[in-house]
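Residues per chain, in single letters:
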Amino acid sequence: MHQQAGKLLQQTLQHIGLTFISLSIAVLIGLPLGIYITRNKRAAGIVLGVAGVLQTIPSIALLGFLIPLLGIGAKPAIMALFLYALLPIIRNTSEGINGVDPGVREAAIAMGMTPAQRLFRVDLILAFPVIMAGIRTATVINVGVGTLAAYIAAGGLGEFIFGGIALNNTNMILAGAIPAALLAILLDFLLSLVQHTGSRGRRIALNVLPIALVLFSSFYVIPIGYNSRLLAGFTPEFMGRKDGNIGLQSDYGLTIRTVVISDAVMYKAIYENKLDVISGYSTDGRLKAYDLVTLTDDKRLFPPYYAALVIRKDIQAKYPELTPVLNKLTGKINDSVMTLLNYRTEYLNQSPEQIARDFLVSQHLYLPPRNGNKGLVRLGSKIFPEQYILTEMYAMLISGYTDLRVESKTGLGGTKICFDALTYGQIDMYPEYTGTALLAILHPPSGLIDHLAGNKDSVYAYVRGRFGKEYGLSWLDPIGFNNAYALMMRRNEAAQLGIQTISDLVHYQKKDR
Amino acid sequence: MIAVRNITKTFGAHKAVDNVSFEVKEGETIVFLGTSGCGKTTLLKMINRLLEPNTGEIFIDGKNVAWRRPEDLRRGIGYVIQNYGLFPHYTIEENIGTVPRLLGWEKGAIAKRVTVLMEKLQLPPEQYRSIYPAELSGGQQQRVGIARALAADPPVLLMDEPFGALDPITRSSVRKDFRDLDELRAKTIILVTHDIQEAFELADRIFLLDKGQIIQQGTPDELLFRPAGDYTRQFLQEQQFQLEAARIATGDYPALIRAFDHFKNKRP
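Order-wise, the sequence lines are chains A and B.
Read in order, the letters of the first sequence are residues 1 to 513 in our numbering.
Read in order, the letters of the second sequence are residues 514 to 781 in our numbering.
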């Protein structure tokens, strides 16, 4: 608890720092640009247009664009937040100055003020409330978008939020979301006080605000854990799991500097040498695409995630010919085959149907569809390519070997949705993973997890037993591949450092310290 | 004091001021009179270079204004605008002290000068010094505007419809104070208005403008009793009687005689 409080404070400070560093840069650039476009109307359209377009780029996509340019960590996060803060600041600066009473402006000129005097003594002071409103908007946007910084290893309150979402841990989500919301409300309130201050307050604010911006910016201290030769990037989920980073520390004694990062950018980041170790899935197609190797889990920390089809027992009884047909796939797909199939859909953009057909043909399992007049079975799948491919294969097998008609309901969100759809009879079967069933559905006591962990047969037996007894569901034979957590490194670096297992990595990290 | 030679100013295809020349003597009060769009404000704004003429030259004290740094020129010329143009974020004291501050006067000297002006313009300093323009009535704001224009004691004062935004009663009272202000005695003043009464009340000489040209320049009496053409006559026609009556009421006997002649001549 105490440790969590410390972490919360650190992340909050990081978040404030990120927000204000980008805000400072945005003010530094946006304010002069805003002033400039009040004098050059032709430039106004271009500047506001570009800033407006930047504003419409979805935040996660913007971060994605920036990674090849700026890598991961603070730089792309600050850049993205800066780009989002730019429009409100430029627009409000120019609107504020254009909104100054023309009579007052004429008087300022006629009194003999120089352009600089007019700007600092009249225009900026009178436009101050409007400009401050823009800075307020930008600040609140930055606090919100800043949570996404956690996706690219820049820290902040997003680490709790996305960790909590990944682990389905509401308290953890709130631990990030509530401080972020409070921070937004508090900053908005404080800035509204500044915005509505009188003439004297404005002059003071103009002197104090730059100092405040720099002060808050300094809250962003790069999170340095300890001296580390390699840098690891782990997903928010992996960071918070017993069979993830926590286990790596406790069971392996691994000490490595870690950053939190989204799996969407993780593979690219390691490929571009921004990271040395990542937490991935062992059958991910990107493993092949980016030439990565998985480290052997020599202490069997990661529970097995063997895929198998889960089917309703009443369907098995109703159509007895179904089970042997579905079991035709058993033993046909190992890890590397599945990785290759995933690679073909994710990187070669082939359709899951095409890949499934090619594979079945190569295994001499493919038969053209029969008439399908006996009855209907419904197949479900989660939203990712591996599941689409498996579903297509099962659909082809059923229509090729039986007279049943197949209806596919692909893209059923996550585990919980698929499982509920199955138990409520909305679908008849879907591919599931032993480890997922164990941890996400059955929630056994932790002592039992430790006992089962690592042994693929005992996990399979356990989930099969409880699914049968408690839910009337049957597990078919495992297909053969294990889509488990894995630590990955670049092939050449792993070879160069002589790292093949996680223990090798631990050992390497402990050397020369 | 002020000499204007062959000034022309165009906005696009529109000739706002068309080859105008005139001279103003030191201490004179000149009124540019005309309908809206006649070019009177444009002409005024070229004197302190708020606008630059296309052709022609303007001299103040024999010096071509085009050769001077605009800021220095303007700090030496008082300027009063129609909607007061007070700085809403400055106190009354700061507003009035604007030009002295730009000129780098000592703080004490500025405060003293502001106090003197506020007293002369009937704005009790202890009451009004530290408040903001929004807290003042229109008439009071206009006094502050005039005080601001006079703060650095410039020899020349330009006024663009200075009483235009006031209601008629306030206007005549502010105008009366204005006439009585000793600060203005020695000043060379150019005032723009479309109000004939105002022009006749304040001017030493009136320049009647139309379509960017001076139709007639002369004393109020000259315009009234010796109109140079149909335009002057028509322009003054509606208020002719009031204007002439006002002349008579001041006890101006030559005017009385001229008015009498005038009415006599008018009989069919």
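Misleading hints may appear alongside valid ones.
Stretches of chain A that chain B covers, calculated by requiring three or more beta carbons in the stretch to come under 8 Å of a beta carbon on chain B [unchecked claim]:
| id | region |
| --- | --- |
| 1 | 88 to 99 |
| 2 | 111 to 121 |
These stretches of chain B come out as covered by chain A in the derived footprint (C-beta under 8 Å, 3 or more residues) [to be verified]:
| id | region |
| --- | --- |
| 3 | 591 to 598 |
| 4 | 638 to 648 |
The set of hints was computed from the structure by calculation and includes no laboratory data.
No residue lacks a Cβ here, since even glycine has one placed at the ideal position from N, Cα and C.
A quick look at each hint next to the structure:
| no. | hint | result |
| --- | --- | --- |
| 1 | 88 to 99 | violated (count 0) |
| 2 | 111 to 121 | holds (count 5) |
| 3 | 591 to 598 | holds (count 6) |
| 4 | 638 to 648 | violated (count 1) |
The structure fails to meet hints 1 and 4 from the earlier list, while all remaining hints are met.
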